[in-house]
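Line order of the protein sequences matches chains H and D.
Count along the first sequence from 1, then add 47; that gives the number in the numbering used here.
Count along the second sequence from 1, then add 4; that gives the number in the numbering used here.
Treat each hint with caution, since some may be false.
Each pair of labels, with its calculated beta carbon distance range [to be verified]:
#1 D:Val258 x H:Gln184: 56 to 62 Å
#2 D:Tyr237 x H:Gln170: 29 to 35 Å
#3 D:Glu276 x H:His241: 39 to 45 Å
#4 D:Phe105 x H:Lys52: 45 to 51 Å
#5 H:Asp240 x D:Asp122: 37 to 43 Å
#6 H:Gln146 x D:Asp122: 31 to 37 Å
#7 H:Val176 x D:Tyr308: 52 to 58 Å
#8 H:Ala244 x D:Thr34: 40 to 46 Å
#9 D:Lys149 x H:Pro269: 43 to 49 Å
#10 H:Lys52 x D:Glu273: 49 to 55 Å
Incomplete in silico selection of chain H near chain D, CB under 10 Å [claimed, not checked]:
#11 Ser168
#12 Cys199
#13 Arg202
#14 Met203
#15 Leu204
#16 Gly206
#17 Cys216
#18 Glu217
#19 Gln238
#20 Leu239
#21 Ala244
#22 Trp251
#23 Asp256
These are calculated hints, taken from the structure and not from any lab test.
Each residue gets a CB set at the ideal place from its N, CA and C atoms; glycine is no exception.
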Amino acid sequence: MVKAKPKPIGEIIDYVKDFDKVLVAGCDGCVTVCEAGGLKEVQVLASSLRLYFNKEGKRKDIEETSLTRQCDREYLEPLLDKIDNYDAVVSLACGVGAQFMAELYKGKPIFPGVDTCFIGSTQERGVWVERCQACGQCIIASTGGICPIARCSKRMLNGPCGGSEKGSCEVSKDTPCGWHLIYERLKELGQLDHFEAPTDPKDWTTSRDGGPRKIVKEDVQP
Amino acid sequence: MNTTTPSKLEKILAEGHLAVTSECGPPRSTDLDIVAEKAELIKDHVDAINITDNQTSVVRLCSLASCIRIKQMGLEPVLQMVTRDRNRIAIQSDILGAASFGINNILCLTGDHQQFGDHPSAANVFDLDSTQLIQTVKLMRDEGKLLGGFEMKKRPEMFIGAAANPFADPYEIRVSRLAKKVAAGCQFIQTQCIYNMEKFKDWMKRIRDRGLHEKVAILAGLTPMKNVGMARYMKNRVPGIDVPDDIVERLAAVPKEKQADEGIKICIEQIEELKEEEGIKGFHIMAIEWEEKVPEIVERAGLYPRPNLNGSQN
Ligand code: SF4
Numbered sequence: 048m049v050k051a052k053p054k055p056i057g058e059i060i061d062y063v064k065d066f067d068k069v070l071v072a073g074c075d076g077c078v079t080v081c082e083a084g085g086l087k088e089v090q091v092l093a094s095s096l097r098l099y100f101n102k103e104g105k106r107k108d109i110e111e112t113s114l115t116r117q118c119d120r121e122y123l124e125p126l127l128d129k130i131d132n133y134d135a136v137v138s139l140a141c142g143v144g145a146q147f148m149a150e151l152y153k154g155k156p157i158f159p160g161v162d163t164c165f166i167g168s169t170q171e172r173g174v175w176v177e178r179c180q181a182c183g184q185c186i187i188a189s190t191g192g193i194c195p196i197a198r199c200s201k202r203m204l205n206g207p208c209g210g211s212e213k214g215s216c217e218v219s220k221d222t223p224c225g226w227h228l229i230y231e232r233l234k235e236l237g238q239l240d241h242f243e244a245p246t247d248p249k250d251w252t253t254s255r256d257g258g259p260r261k262i263v264k265e266d267v268q269p
Numbered sequence: 005m006n007t008t009t010p011s012k013l014e015k016i017l018a019e020g021h022l023a024v025t026s027e028c029g030p031p032r033s034t035d036l037d038i039v040a041e042k043a044e045l046i047k048d049h050v051d052a053i054n055i056t057d058n059q060t061s062v063v064r065l066c067s068l069a070s071c072i073r074i075k076q077m078g079l080e081p082v083l084q085m086v087t088r089d090r091n092r093i094a095i096q097s098d099i100l101g102a103a104s105f106g107i108n109n110i111l112c113l114t115g116d117h118q119q120f121g122d123h124p125s126a127a128n129v130f131d132l133d134s135t136q137l138i139q140t141v142k143l144m145r146d147e148g149k150l151l152g153g154f155e156m157k158k159r160p161e162m163f164i165g166a167a168a169n170p171f172a173d174p175y176e177i178r179v180s181r182l183a184k185k186v187a188a189g190c191q192f193i194q195t196q197c198i199y200n201m202e203k204f205k206d207w208m209k210r211i212r213d214r215g216l217h218e219k220v221a222i223l224a225g226l227t228p229m230k231n232v233g234m235a236r237y238m239k240n241r242v243p244g245i246d247v248p249d250d251i252v253e254r255l256a257a258v259p260k261e262k263q264a265d266e267g268i269k270i271c272i273e274q275i276e277e278l279k280e281e282e283g284i285k286g287f288h289i290m291a292i293e294w295e296e297k298v299p300e301i302v303e304r305a306g307l308y309p310r311p312n313l314n315g316s317q318n
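Just chain H, with the same shape it has in the complex (with noise of 0.2 Å):
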């Protein structure tokens, strides 16, 4: 799923310093799993900003909710006809949500609410790790199951560079070395003989190297 984490507070206040009706919309999607921008978050940085505003001596009217996924067009369309009791929203989805907002309310400010950092998974509550870069053509099946891209920091596809150190990266002790782990991994299945022969250079044009992209599957097109 996608992995965010809360703006700082004062990026947010900065935001919506001038807007009198301001309404803070969750997603109940990816941002939740990550406690970054569900109902609960909407609720902590509701508050919060009321709680400044009113100590600041400003009047505002700062409302709530969560929509179930602010990346869908259905899920935004009821808020559309509400949409101008607010003077700007602060989405706490991921850029998608947001930028999706912006689209279909058309005038109204939009403003994250999160900085959206990448895809991953859960490694324990409170750690989100990266896994995948969405390269748009997936190499795994030749690397026992682990991505070089988006796990090795120089994102090498012919195995270990030359800082690798008892498991950890170069960059950093806390972060594991991707190719350590593909060699841990390749040596599990057998298939270390695999690694000898040259990875060819990769066609990027599936990747934001070819710009902006699109999946269109015909068959479950209106």
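Position chain D with the ligand against the provided structure of chain H, taking the given hints into account.
Same frame as chain H, now just chain D with the ligand:
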């Protein structure tokens, strides 16, 4: 042995001499004379001079311009190239540019991560990795093609090198990693600086067991220690460098003003010992900001005079 390029380094290795290479780091300014002065210090004692490419991710005068300068001094440059900062378009363009100036050696590297350098907020590229850079140079040279398929009229004639670090983890993959670079087209290797001789010899044994020492010329990398502080720093702070305690202790045991001499002595002893190691085809002496010591090391290690190639333009 036939040579594949006009490289002097390749020729020296092909004739069975122990090769000696060294390196110069360009300055963090436009002062190209600094490179020329460093090269001047070592030119009679080495066969080829590597020019580093923004090493440790610190912006420096470019390797290509520095290589051209020392080529014009009649010397033999090795163009170091990292894939961190350039995509395949820029890389191939620089290779063509280098070859057009008669630069015949390239060292293919991935490069340190930019977080270590003076621009940690930079984007990195890593369009290719070091192995793919080797493949690219080989394709350009042997098939006369660019990665995109275009066939060129005049090909770059590059003797292809890469680095190997026997001291990085996971240890067991380090031989396979070299085999892979050889499969990609690598012809010479300059190793990470060696301090742990026991581990290095074990790695060499594994290299020989696979017959890789016959397929690629391995130059042992050496960096003399200036003092015990440097030894401790390298031991504790530089990823992928293995400095055993006995080296640190040996340097610590001599008075401060004698430590540099001791460092040089250790380096010379290592060369003497490695000359006996089957499969070692030469030495790559990286005297970091200490180039003036290279002639002394080469002479005292019995590697001087350097072979004079008949018929070579250099
Ligand atoms: S240490 Fe491992 S993860 Fe880090 S850059 Fe090198 S190969 Fe990649």
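Open item on the list: Holds or violated: the hint that Cys199 of chain H contacts chain D, with Cβ atoms closer than 10 Å.
Closed with: With Cβ-Cβ at 9 Å, under 10 Å, it holds.
Task: Status of the Gly206 of chain H interface restraint (C-beta, 10 Å, chain D) - done: Interface hint status for Gly206 of chain H: holds (5 Å vs cutoff 10 Å).
Task: Proposed interface contact between Met203 of chain H and chain D, which counts if any beta carbon pair is under 10 Å - done: 4 Å, holds
TODO: Double-check Cys216 of chain H for me: the hint is only fine if its C-beta lies closer than 10 Å to a C-beta in chain D.
DONE: Hint on Cys216 of chain H: holds, closest Cβ of chain D at ~8 Å, below 10 Å.
Open item on the list: Range first: 31 to 37 Å. Now tell me if the beta carbons of Gln146 of chain H and Asp122 of chain D are that far apart.
Closed with: 35 Å, holds
Open item on the list: Less than 10 Å between beta-carbons is the criterion; does Arg202 of chain H satisfy it with respect to chain D?
Closed with: 5 Å, holds
TODO: Just tell me: holds or violated, for the beta carbon distance of Lys149 of chain D and Pro269 of chain H against 43 to 49 Å?
DONE: 47 Å, holds
- [ ] Closer than 10 Å between Cβ atoms is the bar; does Leu239 of chain H clear it against chain D? Give me holds or violated.
- [x] At about 7 Å, which falls below the 10 Å cut-off, the nearest Cβ of chain D leaves the hint on Leu239 of chain H intact, so it holds.
TODO: Could you check the hint for me, namely that Tyr237 of chain D and Gln170 of chain H are 29 to 35 Å apart, CB to CB?
DONE: 33 Å, holds
Open item on the list: Tell me if the interface restraint on Gln238 of chain H is satisfied: Cβ within less than 10 Å of some Cβ in chain D.
Closed with: 12 Å, violated
TODO: Return holds or violated for the Cβ distance of Glu276 of chain D and His241 of chain H against the range 39 to 45 Å.
DONE: At roughly 40 Å between Cβ atoms, His241 of chain H and Glu276 of chain D fall inside 39 to 45 Å, so the hint holds.
TODO: Double-check Leu204 of chain H for me: the hint is only fine if its C-beta lies closer than 10 Å to a C-beta in chain D.
DONE: 6 Å, holds
Against the hints set out earlier in the document, violations occur for numbers 11 and 19.
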